[in-house]
Every structure is written in structure tokens, then in C-alpha cells.
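Novice: Sequence:
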Amino acid sequence: MLIAYGSRYGSTEEIASEIGKVLDAEGYKVDIIDLKGNEKPPLELGEYDGYLVGSGIKMGKWTKEAEGFLKDNAKRFRPGSPLAMFVSCGQVTVDHGDAVSKYLTNIMEKHGIEADIYDAFGPLYDLTDDSRMGFFGK
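If you're matching positions, the sequence shown starts at 4 in our numbering and goes up one per residue.
Some hints could be false.
To be verified - The calculated BS3-like cross-link candidates involving lysine-lysine, where the alpha carbons are at most 27 angstroms apart (straight line), are:
hint, residue 1, residue 2
1, Lys64, Lys113
2, Lys74, Lys64
3, Lys67, Lys78
4, Lys74, Lys39
5, Lys39, Lys67
6, Lys67, Lys105
7, Lys78, Lys105
8, Lys105, Lys74
9, Lys32, Lys74
10, Lys64, Lys105
11, Lys74, Lys113
12, Lys78, Lys113
13, Lys105, Lys39
14, Lys61, Lys39
15, Lys61, Lys74
16, Lys113, Lys39
17, Lys61, Lys24
18, Lys64, Lys78
19, Lys113, Lys61
20, Lys39, Lys24
21, Lys39, Lys64
22, Lys78, Lys39
23, Lys67, Lys113
24, Lys78, Lys32
25, Lys24, Lys67
26, Lys61, Lys105
Stated by the list, open to error - Using C-beta positions, here's what the derived DEER-type ranges look like:
hint, residue 1, residue 2, range
27, Gly93, Glu50, 30 to 38 angstroms
28, Gly83, Gly40, 29 to 37 angstroms
29, Ala28, Gly63, 28 to 36 angstroms
30, Asp27, Asp119, 14 to 22 angstroms
31, Ser20, Pro85, 14 to 22 angstroms
32, Ala28, Asn109, 27 to 35 angstroms
33, Asp98, Asp27, 31 to 39 angstroms
34, Lys32, Gly100, 28 to 36 angstroms
35, Lys32, Val97, 33 to 41 angstroms
36, Val97, Gly49, 33 to 41 angstroms
37, Lys67, Thr108, 17 to 25 angstroms
38, Gly49, Gly93, 31 to 39 angstroms
39, Gly53, Gly115, 16 to 24 angstroms
These are calculated hints, taken from the structure and not from any lab test. The beta-carbon is built from N, C-alpha and C at its ideal position, and this holds for glycine as well.
Given these sequences and hints, build the entire structure.
Specialist: Structure (C-alpha cells):
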């Protein structure tokens with residue numbers, strides 16, 4: 004199983020890591036790839052039995068790396084493919100259904116892909132001094 008994600012401040016990274024731990028405990032071989040800074044993951048996608056792609060949402064957008072990964076592999080992620088997707092976003096705290104529609108259903112339609120399982124998770128707001136959010140993000 005490949006878990007590929009794009010994270011800005013660490014919430015999505017933590018979600019990907021926790022999902023990876025659960026899958027590993029269930030006996031699955033799991034590789035986790037941070038797409039940020041990696042234009043093309045150094046691997047062959049055909050070697051995986053399933054894919055989980057996740058992204059943080061900021062200003063209504065997926066990370067460019069995670070969306071690029073979906074776009075580049077759209078032919079692989081057609082109906083019936085073993086694909087799951089998730090996002091981490093603040094909108095979940097207001098309206099979960101709206102977050103799923105805006106950030107998952109819409110991106111699947113945009114790239115002509117279909118995930119078997121998809122969901123939106125809430126964010127982690129880290130307001131500590133050493134947070135990756137930076138001054139203006141807080």
C-alpha cells in the first residue's frame with residue numbers, strides 16, 4: 004500500500020502516519036511518501052496493491068504536489084482501482100459534508116478519477132512558537 008500525501012503544517016503528515024501504523028499492524032506492507040519537494044516519487048506505482056492520497060487544504064486548495072500526483076496518475080485511478088483519498092481541513096469543523104464535496108468529490112470530477120473510500124478530517128491547530136504555521140498562518 005502506498006500512502007502519498009502533501010502537508011503544509013503537519014496535520015496531513017500525522018494523519019498519513021497514523022493510517023500507516025494501523026495498516027502495518029493489520030499486516031499490510033506500507034510505504035509513506037511525502038510528495039512535497041518530490042515532483043515524481045522514486046518508485047513504480049504498479050508495485051502497489053492500493054493507494055491512499057491525502058492533502059492539507061489551505062485557501063480552498065490541495066497542495067500542488069498532491070493534486071499533481073492525482074493528475075499525473077489519473078489513468079491509474081479510474082473506477083475499480085484501489086484508491087482511497089483524504090483531506091485535512093478546517094471546513095470539517097463547520098460542515099463535514101461540504102468539506103467532502105468541495106475538496107474530494109470536486110477534485111475527483113476535475114481529474115476524472117474515482118476513489119473507493121474518501122473522507123475529510125479536521126486540522127490540528129498548532130499555535131506554539133515552533134509551529135510550522137509561521138506568524139501569519141496563526
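Novice: Could you check the structure against the hints above and give me the numbers of any it violates, in ascending order?
Specialist: Of the numbered hints, all hold.
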